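Each chain sits in its own coordinate frame; assemble them with the hints.
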Amino acid sequence: MTQLDLQNSIISIKIETLDLYSIYFNRRRIGDEVSVKNQKEFLVALDLYIQILEYYDNSWVDKDNLDISELEIQNVIEAAVALLRTFKTSYYG
Amino acid sequence: MATITFNVLESADATYFTIVNMGSNVATPLTLTVTDPDSVTYNYTITAGDLLNSFNGLGLKITAATLGYSATKFADGIYQFTLNDSVDNSTIYEGFNAVILQDGMKSALSYRVYLPKATKDYILEKMLYLNNLSYAASVGATDKFNENLEILQNMR
Numbered sequence: 000m001t002q003l004d005l006q007n008s009i010i011s012i013k014i015e016t017l018d019l020y021s022i023y024f025n026r027r028r029i030g031d032e033v034s035v036k037n038q039k040e041f042l043v044a045l046d047l048y049i050q051i052l053e054y055y056d057n058s059w060v061d062k063d064n065l066d067i068s069e070l071e072i073q074n075v076i077e078a079a080v081a082l083l084r085t086f087k088t089s090y091y092g
Numbered sequence: 000m001a002t003i004t005f006n007v008l009e010s011a012d013a014t015y016f017t018i019v020n021m022g023s024n025v026a027t028p029l030t031l032t033v034t035d036p037d038s039v040t041y042n043y044t045i046t047a048g049d050l051l052n053s054f055n056g057l058g059l060k061i062t063a064a065t066l067g068y069s070a071t072k073f074a075d076g077i078y079q080f081t082l083n084d085s086v087d088n089s090t091i092y093e094g095f096n097a098v099i100l101q102d103g104m105k106s107a108l109s110y111r112v113y114l115p116k117a118t119k120d121y122i123l124e125k126m127l128y129l130n131n132l133s134y135a136a137s138v139g140a141t142d143k144f145n146e147n148l149e150i151l152q153n154m155r
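Going down the list, the sequences are from chains S and H. Position one of the first sequence corresponds to residue 0 (numbering that gives the first Met the number 0), numbered consecutively onward. Position one of the second sequence corresponds to residue 0 (numbering that gives the first Met the number 0), numbered consecutively onward.
Source of the hints: derived by calculation from the structure; they are not laboratory data. Hints are supplied without guarantee of correctness; some may be wrong.
Claimed, not checked - Partner residues are not named here, just some residues of chain H that face chain S (Cβ under 7 Å, in silico):
hint, residue
1, S10
2, A11
3, D12
4, Q101
5, M104
6, K105
7, A107
8, L108
9, Y110
10, V112
Please read all numbers here as calculations on a predicted model, not as lab measurements. We put the beta carbon where it would ideally sit given N, CA and C, even for glycine.
Next up, chain H with everything else stripped away, as it sits in the complex (with noise of 0.2 Å):
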């Protein structure tokens, strides 16, 4: 069987991530282990029905309760995902930001050109660890992604 190819996306609201096939069709039911970034695993099976549905299509849509994680939303940080179909499996790592980045659109809001300078200077200094965690995200740069992510909750 070819190696499983797959793609994570988080939602904006935390409360989900939608996982899609990116390789060819898989037939066989797999197994889904989530590693959180407090080295917590959970797991899920992706039954037929999920693959006919959705997984081989626009993506299947996994909630926190779904996967029985520990709370509503996922928290920040770099999250392990490992599809295994007992012949093959594969991992990929992602980083979650939903929940810091939701915050920092929020503050920036606020955000006008009449305000005190100081004001200002944290808005965008927020913004610019934002971008960092996506640039770091698109690197592969995890502890580039945790280092900025620690800032930014510390900012909160």
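Next comes chain S alone, as it looks inside the complex (with noise of 0.2 Å):
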């Protein structure tokens, strides 16, 4: 992985976190509690992931004496993207 596949990884993450946002802050204008629950449990886990990834992308230039490897970098991306595939736009409790 090059560090613009990884920024272009982060960029993609972010774009699509964003909508997801538009689609919870719907759900919490029509008072769909059950749903903003659930939806507010895997934005706070894309959130952290960016928060990774942009610490892996600005550590680039020491990322050889870094003790967290690509794998596990690659890792938080496919957990990031299976977050992202699997948002459902509504909740029923």
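What follows is the structure, encoded as structure tokens:
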């Protein structure tokens, strides 16, 4: 994975996460507490994954000496994409 | 001579920092004095070659070994940096947190939505305190920086 690949992944995840926030805000507006609760779980995780990816991107120059491997970062990207793909527009309690 | 203005950035692996001139070009060799969180002082002379090649450009890389630091990695905490050229001097404080930041990110790698709530809360709490470190550093709140750093170190 090149740094450009990583940066492109971060941008894609951010854009798709923002789309999910629009859905989340709509559910909040109509008072759908069950959906809001479940969706927030996903959004918190996505926010955390973006922070990790940005940290790794900023640390690129020193990445060979980090205790975090490229494979672990690829797993984080995979986990983020899995959340983006399985996020539901609504949940029924 | 104009007041020396400079900036310091710690590397992500904590093995070195980069110091860069942010003001007008300085022509004379400078003495850099670094005081670590344990109040131990280290000196380094920035030579004319350093000035030409790095300090006035993208930045001069100073490793822990170059400085004579007691470990291979800089410990987290507040460092004082003073540049002195016998006419003028300038001091800045910088919070180093690369070690604890890497530790926090390492534990965050395992965050998954299906994990028990307590596990997720623990990771998120660590991330909160890491954010606090950067907030404290950005406003110069050294006591708050140390407070959050101590909590994070206790959570390791």
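Here is how each hint holds up against the structure:
1. S10: Holds: closest Cβ of chain S sits about 5 Å from S10 (chain H), inside 7 Å.
2. A11: Check passed: Cβ of A11 (chain H) comes within 3 Å of chain S, closer than 7 Å.
3. D12: It holds, given that the least Cβ distance between D12 (chain H) and chain S is near 4 Å, below 7 Å.
4. Q101: holds (6 Å)
5. M104: Since chain S brings a Cβ to about 5 Å from M104 (chain H), closer than 7 Å, the hint holds.
6. K105: holds (6 Å)
7. A107: Check passed: Cβ of A107 (chain H) comes within 6 Å of chain S, closer than 7 Å.
8. L108: Holds: closest Cβ of chain S sits about 5 Å from L108 (chain H), inside 7 Å.
9. Y110: holds (5 Å)
10. V112: holds (5 Å)
Comparing the model with each earlier hint shows no violations; every hint is respected.
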